[in-house]
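Visitor: Now for the letters of each chain:
2 protein chains.
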Amino acid sequence: MPPTLSDVRSAHKRIRPFIHRTPVLTCSAINGMVRARVFFKCENFQKVGAFKIRGATNAVQSLSDEAAARGVVTHSSGNHAAALALAAHRRGIPAYIVMPTNAPPNKREAVAGYGGRITFCEPTQAAREAACDELVRSTGATLVHPYDDDAVIAGQGTAALELLEEVPDLDAVLAPVGGGGLLSGTLIAAKGVRLDVRVIGCEPALADDAAASLREGRIVPARPPVTVADGLRTSLGSKTFPIIRELVETIALAEEGEILAALRLMLERMKVVVEPSSAVPLAVLLNRSLGLAGRRVGVIVSGGNLDVSRLFQSWGS
Amino acid sequence: MPPTLSDVRSAHKRIRPFIHRTPVLTCSAINGMVRARVFFKCENFQKVGAFKIRGATNAVQSLSDEAAARGVVTHSSGNHAAALALAAHRRGIPAYIVMPTNAPPNKREAVAGYGGRITFCEPTQAAREAACDELVRSTGATLVHPYDDDAVIAGQGTAALELLEEVPDLDAVLAPVGGGGLLSGTLIAAKGVRLDVRVIGCEPALADDAAASLREGRIVPARPPVTVADGLRTSLGSKTFPIIRELVETIALAEEGEILAALRLMLERMKVVVEPSSAVPLAVLLNRSLGLAGRRVGVIVSGGNLDVSRLFQSWGS
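As you go down the protein sequences, you meet chains A and B in turn.
Each residue of the first sequence is one higher than the last, beginning at 180 in this note's numbering.
Each residue of the second sequence is one higher than the last, beginning at 180 in this note's numbering.
Isolated chain A, as found in the complex:
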């Protein structure tokens, strides 16, 4: 049984003490360009800089004391690893994080900074899974998948729940889709609150595996990672695919140049630092026809982990 609105509500009660209630921002200039009223739910301001802390915290806080004491484990080199490490730290339990030996130093430091115990492995899917299995066997820790996990999906849905609490009369909600944890949770929350809300997944055209999966009726694997929206390069999972297939209106695609232009708009006009994945819904709104003119549209801004170092290189600091 997939999670329901009731699971999302329970998740929200559970995680509220551990997360930020992120603001909803609007921008007249962007409203004018999109010809709609857009409400951005800014998870870039969330702890660890992304919505991922919601699902990770819900998974960690849902464990029995006995299971929790043995810790949690995951393989990830991205935001989920840092989020799980922080969520475990807040419960005072160990987090075992499997990372490839080529993971960037800043990602390793983020995980270590939250007290995560890192196990390095060769940078292949098989090596990652073997290292995870070995950790589960030796420690008894619980595996928390980055997206294909009911507690994670319910946790991610709490962002849309808060957005709809604050702006109840939305006509549509747009969320980016990678592995589908955020989109699944958003669908369960939004369609649960009001069945007539349109929910649209947004995906880079260069990583259109979710759109292909819906078209073909099976999980189509992601192509080699090329899109600038590096958070959206993963394939759907066995739990997220059925939810998305049942509830989503469509998956809309954005080209790379459209994504970068939308990212720039968000930096320059909204004054928010977001990662490229978070600009995909705005890229869709600016370039695809979705019948949203004059409507009230919610956008889940997934995260803010953008490399801004180049800006400062040019300033010599």
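Rather than coming from a laboratory, the hints here were simulated on the basis of the structure.
What you are looking at is a predicted structure, and each value in this text was computed from that prediction instead of being measured.
All C-beta atoms in this analysis are idealised placements derived from N, C-alpha and C, irrespective of residue type, glycine included.
Be careful, since some hints might not be right.
Stated by the list, open to error - Short, incomplete list of chain A residues facing chain B, as computed with Cβ under 10 Å:
| # | residue |
| --- | --- |
| 1 | C206 |
| 2 | S207 |
| 3 | C221 |
| 4 | G228 |
| 5 | A291 |
| 6 | G292 |
| 7 | M449 |
| 8 | V451 |
| 9 | V453 |
Unchecked claim - From the derived model, a few chain A residues whose C-beta atoms are all more than 10 Å from chain B:
| # | residue |
| --- | --- |
| 10 | L242 |
| 11 | V346 |
| 12 | P421 |
For this one, chain A is given, so just place chain B on it according to the hints.
Guide: Here is chain B on its own, set in the frame of chain A:
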């Protein structure tokens, strides 16, 4: 008579329909570095990207119908010009903006985009004032000074008023100081709400004219503009200086490298785009001893008009 808390409250009622209620953000990483709890009032998300719309709107909305019909005038090449143009547009009256012929195109476009009527003049103070005087004479428009104006000062104070509504138990409030409109308004609002709140002005060491003015007991002119915090290069005015002298605890200084490091922290950790002037208070918190360890500190983040184009140049877009 300088404005009082009651004037700030009246200003708030007057301008509320025309401005954003900006969010107050916190960041655990920054709290850890500063060893205090810092609450950032994010005026970078304000309309026109800065607190300036508060004062400009209060000035415009305070005019009688008869005076309003003749319009408003100012000389400015910065945020105040755009703010006054928008404020006038919202009341349906003309805004005459005197700009130097060398004003950057994006500033001109911002003013023109809000319907401001631009008069160009030679880039000297004398030419600006002469052009303003001529416009007042020929149109009967009311001059709205960027900071040395009671209605503007009261309007700028509404940011601190909102901050203290949201976080009532602040021990201190920090605001940047250039011409002193924001700091004066912040002092009147914060000290009016609770006399024991410490209010500290923050200034670049390279533009320390406000600190020098307090020391010497007279308005010391700003030195030639060299600080990266370009919003803080102006001198205090005859209305802002007495308010600041009477109420401020101190003016703390930040070095250029400290300002850039604080700006980078705000981009990378808080995920907000701010202009260098807005990073001066955090630079002070990180580098000066103000007896704020363990305290609750409010910071007015003045604006977000940063040139982010260089980030994108390096991405080739």
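Visitor: Going through the numbered hints above, which ones does this structure break? Give me the numbers in ascending order.
Guide: Of the numbered hints, just 5 does not hold.
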